[in-house]
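The task is simple: from the sequences and hints, build the whole structure.
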Amino acid sequence: MGGKRRIGVLALQGAFLEHQQVLARLGCEAVRTRSADDLERIDALILPGGESTTIGRLLVDFRLGDLVREKARAGMPVFGTCAGMILLAKEIIDSGQYRLGLMDMAVRRNAFGRQVESFEADLSLRGIPRLVHGVFIRAPYAERIWGEAELLAELDGKIVAVKQHKLLAVAFHPELTNDLSVHEFFLSMI
Amino acid sequence: MSEKREIGGNGMAEKGTFAVKKGLAQMLKGGVIMDVTTPEQAKIAEEAGACAVMALERVPADIRAAGGVARMADPTVILKIMESVTIPVMAKCRIGHFVEAQILQELGIDYIDESEVLTPADEKFHVDKTLFRVPFVCGARNLGEALRRIGEGAAMIRTKGEPGTGNVVEAVRHMRQVAGEIRWLASLPKDELMTAAKELQAPYELVVEVAETGKLPVVNFAAGGIATPADAALMMQLGADGNFVGSGIFKSKDPLRRARAIVAATTYFDDPKVLAEVSRDLGEAMPGIDIKTLVPTERMQDRGW
Numbered sequence: 000m001g002g003k004r005r006i007g008v009l010a011l012q013g014a015f016l017e018h019q020q021v022l023a024r025l026g027c028e029a030v031r032t033r034s035a036d037d038l039e040r041i042d043a044l045i046l047p048g049g050e051s052t053t054i055g056r057l058l059v060d061f062r063l064g065d066l067v068r069e070k071a072r073a074g075m076p077v078f079g080t081c082a083g084m085i086l087l088a089k090e091i092i093d094s095g096q097y098r099l100g101l102m103d104m105a106v107r108r109n110a111f112g113r114q115v116e117s118f119e120a121d122l123s124l125r126g127i128p129r130l131v132h133g134v135f136i137r138a139p140y141a142e143r144i145w146g147e148a149e150l151l152a153e154l155d156g157k158i159v160a161v162k163q164h165k166l167l168a169v170a171f172h173p174e175l176t177n178d179l180s181v182h183e184f185f186l187s188m189i
Numbered sequence: 000m001s002e003k004r005e006i007g008g009n010g011m012a013e014k015g016t017f018a019v020k021k022g023l024a025q026m027l028k029g030g031v032i033m034d035v036t037t038p039e040q041a042k043i044a045e046e047a048g049a050c051a052v053m054a055l056e057r058v059p060a061d062i063r064a065a066g067g068v069a070r071m072a073d074p075t076v077i078l079k080i081m082e083s084v085t086i087p088v089m090a091k092c093r094i095g096h097f098v099e100a101q102i103l104q105e106l107g108i109d110y111i112d113e114s115e116v117l118t119p120a121d122e123k124f125h126v127d128k129t130l131f132r133v134p135f136v137c138g139a140r141n142l143g144e145a146l147r148r149i150g151e152g153a154a155m156i157r158t159k160g161e162p163g164t165g166n167v168v169e170a171v172r173h174m175r176q177v178a179g180e181i182r183w184l185a186s187l188p189k190d191e192l193m194t195a196a197k198e199l200q201a202p203y204e205l206v207v208e209v210a211e212t213g214k215l216p217v218v219n220f221a222a223g224g225i226a227t228p229a230d231a232a233l234m235m236q237l238g239a240d241g242n243f244v245g246s247g248i249f250k251s252k253d254p255l256r257r258a259r260a261i262v263a264a265t266t267y268f269d270d271p272k273v274l275a276e277v278s279r280d281l282g283e284a285m286p287g288i289d290i291k292t293l294v295p296t297e298r299m300q301d302r303g304w
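Chains as they are written, first to last, in numbering that gives the first Met the number 0: chain U, 0 to 189; chain H, 0 to 304.
Everything labelled a hint here was simulated from the structure, so no lab data went into it. Take the hints with a grain of salt, since some may be wrong.
In silico EDC-like links for lysine to aspartate or glutamate, alpha-carbon gap of 20 Å or less [stated by the list, open to error]:
1) K214/H - E151/H
2) K3/H - D121/U
3) K42/H - D93/U
4) K272/H - D60/U
5) K21/H - E116/U
6) K157/U - E151/H
Label pairs and their in silico Cβ distance ranges [as the list claims (entries may be wrong)]:
7) A185/H - A23/U: 19 to 27 Å
8) G287/H - L66/U: 35 to 43 Å
9) V59/U - A64/H: 47 to 55 Å
10) P188/H - P128/U: 42 to 50 Å
11) R125/U - G107/H: 29 to 37 Å
12) G146/U - M0/H: 37 to 45 Å
13) A64/H - A73/U: 53 to 61 Å
14) S1/H - R129/U: 19 to 27 Å
15) L66/U - A65/H: 26 to 34 Å
These figures come from a predicted structure and were not determined experimentally. The beta carbon of each residue, even a glycine, is placed where N, CA and C say it ideally should be.
Rendered as structure tokens:
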């Protein structure tokens, strides 16, 4: 791979600009991704936070979901935060909503409660030497993981970060802080 | 007001911080927040791809038609809507009515809109939003008004527009006004910012922040009169972070179809090909009102300061 790495950020709905800003700070070329052509131009993809049902609706309507799934299965690294974690899960508890279904985990939506329960906390994440600051907004967690999925972080006994080969999912929002370590960790997986 | 508690292993979790209040608004960006009055409408909105819904007893067009005093919705209506969808649910309290806000927080609503659509409870003071763990969104016609609301603790701003009219002209005016004033502030040397704060009637620290960053410190949505996919895309091209659509969806002929089209237009706001496609065959839009025909007391945007 010559030159800057081109990292796509799925730009259908949610906090995609924040991810693009973090990527720029890390010296990557951040690519606003919302078409089949955009997907052809990138080395890896970030699925941002937002509403998973909204992003799912648009992935279906604009026929991008199958393309993302194919590319991920062919080895494209994908990093999902919050709604992105939900979209990556094979199972979404109590929901038949659209998902990419790439990771061996069962995710519960809004698992910590509604907005008044949203919180910030420090946590340790395997592979990152210092504490990571997590902003959890109506956040999900994984109730179960199996198969190839690997537990990276727990908070209060809940699974909040999971890795599976070149796929990474976290329940919180590293893009809302000045802590670049989780993005650096993802870039090291590429 | 934030609240700390201990959690297993790693120390403390802090709830209700400004970062999590503002953070939810950041997650709503690029999305459409739709007014709904029943669980059935809420489900249609969710199915169409709304990123949140606003639970109301009546949409603004009906509030406008009914006249009288418009208040916070009955908690039963709000709770039923909260139970029917998984996306965030917002609700409105009257300007200055901090007890309605306390009730909404107790219900577990995700965002409170201190809204000029309802009849103000206080003509001088807005709610002190820093006292709440639930975040607030407030309307603004200009930069000074936006910064005063942020100064009171609002974690999200929207244009006021003129609600319930199906006429986007006032939302355009307010979005351009805020953007223009931000450009003006950003052009000033530091020693002129105190006078700028005086002219804007805005907190000095926030004026300095906007002058340095060239943008509002919180997310800024468009609201008030958006009725078509083209309206939604127009507001996005003018710099809105997302759209509130009030009466525009459920006062139209085919709400699901129109809602999906407005969602798509908000995402692909700068792609005329998509906009042309989703604007087709939507059925009739809501009937519109020329703002010039409103008498001063009918103008909702003049409520609050």
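These are the hints, each one checked on the structure:
Distance check on the hinted pair: K214/H and E151/H sit about 18 Å apart at the alpha-carbon level, within 20 Å; holds. Under the criterion of a C-alpha separation no larger than 20 Å, the hint pairing K3/H with D121/U is consistent with the structure, at around 13 Å. Proximity of K42/H to D93/U is assessed by CA-CA distance (about 16 Å); at most 20 Å being required, the pair is judged to hold. At most 20 Å may separate the alpha-carbon atoms for a hinted pair to count; K272/H and D60/U meet this at roughly 15 Å.
For a cut-off of 20 Å, the pair hint linking K21/H to E116/U stands: about 14 Å separates their Cα positions. With a C-alpha separation of about 35 Å, the suggested pair K157/U and E151/H falls outside the 20 Å cut-off, and the hint is violated. For the pair A185/H and A23/U, the beta carbons lie near 20 Å from each other, so the given range of 19 to 27 Å is met. A C-beta distance of roughly 40 Å is found between G287/H and L66/U, which places it inside the suggested range of 35 to 43 Å.
Taking the beta carbon of each, V59/U and A64/H are about 37 Å apart, not inside 47 to 55 Å as hinted. The beta-carbon spacing between P188/H and P128/U, approximately 44 Å, falls within the hinted interval of 42 to 50 Å. Distance hint check: the CB atoms of R125/U and G107/H are about 34 Å apart, consistent with the given range 29 to 37 Å. Evaluation of the 37 to 45 Å hint for G146/U and M0/H yields a pass: the beta carbon distance comes to about 44 Å.
Under the hint 53 to 61 Å, the C-beta atoms of A64/H and A73/U, about 56 Å apart, fit the expected range. For the hinted restraint 19 to 27 Å between S1/H and R129/U, the CB-CB distance of approximately 24 Å keeps it satisfied. Range check, L66/U to A65/H: about 49 Å between beta-carbon atoms, so the 26 to 34 Å window is missed.
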